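Asker: Listed in order, the protein sequences are those of chains Y and R. Just so you know, we're using numbering that gives the first Met the number 0 here: the first sequence kicks off at 0 and counts up by one. Just so you know, we're using numbering that gives the first Met the number 0 here: the second sequence kicks off at 0 and counts up by one.
Don't read these hints as lab results, they were simulated from the structure. None of these values were measured; they are calculated from a predicted model. Watch out, some of these pointers could steer you wrong.
Any copy, or any two copies together, can satisfy a pair, since identical chains are not distinguished.
[Unchecked claim] Here are the computed lysine to any residue pairs in the SDA-like style, where the Cα-Cα straight-line distance is at most 25 Å: (1) 212 / 112; (2) 62 / 73; (3) 248 / 269; (4) 269 / 251; (5) 216 / 15; (6) 324 / 50; (7) 80 / 168.
Number of protein chains: 2
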Amino acid sequence: MPRIVLDAMGGDFFPDTNIKGALKAVSEYPITVILVGNRPLIEKSLKKYKQFPHKNIEIVHAKDVIEMTDSPAKAFRSKKKSSIHIGLEFVKSGQADAFVSAGNTGAVLTATTFILGRIEGIERPALAGIIPSEKKHFTMLDMGSNVDCKPDHLAQFAVMGNCFSKEILKTSSPRVGLLNIGEEREKGNMLTQQSYDLIETLDLNFIGNVEGKDLTKGKADVVICDGFVGNNVLKFGEGITSLFRKFFKEEAKRSLISFLGLLLLKPTFKRFKKRFDYDEYGGAYFLGVNGISIIAHGSASEKAIKNALKMAYQSVQSSMIDKIKFSLKNSNIPLKDKSNS
Amino acid sequence: MPRIVLDAMGGDFFPDTNIKGALKAVSEYPITVILVGNRPLIEKSLKKYKQFPHKNIEIVHAKDVIEMTDSPAKAFRSKKKSSIHIGLEFVKSGQADAFVSAGNTGAVLTATTFILGRIEGIERPALAGIIPSEKKHFTMLDMGSNVDCKPDHLAQFAVMGNCFSKEILKTSSPRVGLLNIGEEREKGNMLTQQSYDLIETLDLNFIGNVEGKDLTKGKADVVICDGFVGNNVLKFGEGITSLFRKFFKEEAKRSLISFLGLLLLKPTFKRFKKRFDYDEYGGAYFLGVNGISIIAHGSASEKAIKNALKMAYQSVQSSMIDKIKFSLKNSNIPLKDKSNS
């Protein structure tokens, strides 16, 4: 049975949200969740839900806590007994199969890279997000872990994203697109122009350039970009969504008519939330490291945590990491140290 | 009285939308609009609205038409008698004070740069957009004319954007922000890190880094970024907005309840449109060229055209170009050819 570490101290509402998510996950999937964090806090929370002890839940104590505001590099050096550190060591040593955290993203990325190491041949692991569109969710990488990329990196993202989309989103032949400011081949900056030439030579269903406005239309299953662009694009999207939400909230207070209108639209907004739900996959996947590491949003709900654990479970089941290694070895991608791997 | 050229052949619904916009503009502002394009078509359209001849409207014939799909560089070389070319020559020669077009953006940018030339010291003119937020509209540049930028370019954008925000959006001390993936100074890619150091030395109200999710909150009055990022961010925003619109349209057909709800929310959606209206300023402003050139969206409405003409009028009135030149000369920005200017 897959053993998945959950950072009990991650997220804005730790440990309760994590624990509720873990309890849901163990009731739905054949997994053991290892809660790493402050043992008394974790036990107290489990007792509150009358679930202590629980046959599919283990607890591992971690005395340090990495705060959301801690500097990733500094936290990595000074808080060796944090839940993030200990949890990842469990994966590294084989005592667990995957790691999930809603904690400080930078700290998780840094610790993951140092502790699990990179897959041979991968220069830069990338954060892959799963984003809703008109059709199905698509995968976008990098979402912010690499702010200055080279064409080789983007080509590596393409191979990893393709593998991820197949295994986790069950897309049979993922359409891989390069995020660009126009569809024509010659469009874009130096990075995208050179990356286009390189990605085209790979054994992928490469559909060429895709524009920002096409993402929400579901034009590509895998969208490749450097982390600076990916992060800015997604955060602007978040900004617009929260602008809309705020506006409707204000409107509800404005008049009885708008209040009534919004009331009647409750099922509509529910359908909206269901269809464009960020929580459906619970987190972003750190691809290119030698193990499974999933990062949930700091404000992740228990549903998001449960789904992140589900993603971890599926990744273990599908031997995700081995498949990425296999894809990389069998692609004609320029790999660093390919000869050694 | 300011004389403003309007490319009558620009946009998806030429010439009618342009002509209706021009008629509105001349009725509201003390300007003469010079319609450049196919004379018979323009006259026919003006007659349709019983406005031919009109004392504040002039017509200049242009035999070539640049299509939306034409390659900008090729169109510039081969269609010397296009409305874009002739219109810009009018500005260059002093027969007109400003140029407005809803035509092929790339072609307008290319022709503007070649015909009007750059302001001395500016290496890369930038496309400045005016974007709605929770509070007032803000200025963002570059929106796509420079895909590979250097810190000098971003610093020049900051000075021009600051001047633009003061003159056109009447912001007294514009808060200038650098688009980045985090607020901390050390965040970002090489370009933003180096640009931060440079912009900080300028005589501006520089508020440091701003994140994509803060833009819609109106945190900055001027947002600086390279054109690749700016364009992708905005297009993703467009994508989300159209996704929402499409969803609500589907919902209206779904059930009587949602139809009723949406009906009651009609004033809400109207207020939404009014508050977050892209048409309010009608277009994007090509800053850094030696003359006023405003580019409206291809799907610009007559209101957008009217407002683009209004922007042109205000720019002439406020001696925008001279003020940018003055700002640049008096900033300690690294300028190419500063000694000659």
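Asker: Take the hints in turn and mark each one as holding or not.
Answerer: Hint check results:
1. With identical chains, the CA atoms of residue 212 and residue 112 are never at most 25 Å apart, being 33 Å at best within one copy and 27 Å at best between copies.
2. For the homomeric pair residue 62 and residue 73, the shortest alpha-carbon distance inside one copy (17 Å) is at most 25 Å, but the shortest distance between copies (66 Å) is not.
3. In the homo-oligomer, the alpha carbons of residue 248 and residue 269 lie at most 25 Å apart both inside one protomer (15 Å) and across protomers (16 Å), since each shortest distance falls under that limit.
4. Taking CA atoms no more than 25 Å apart as the test, residue 269 paired with residue 251 passes in both settings, with 16 Å inside one copy and 15 Å between copies.
5. Taking the shortest alpha-carbon separations for residue 216 and residue 15, neither the intra-copy value of 36 Å nor the inter-copy value of 31 Å comes in at or below 25 Å.
6. Taking the shortest alpha-carbon separations for residue 324 and residue 50, neither the intra-copy value of 39 Å nor the inter-copy value of 71 Å comes in at or below 25 Å.
7. In the homo-oligomer, the alpha carbons of residue 80 and residue 168 never lie at most 25 Å apart, since the shortest distance is 35 Å inside one protomer and 53 Å across protomers.
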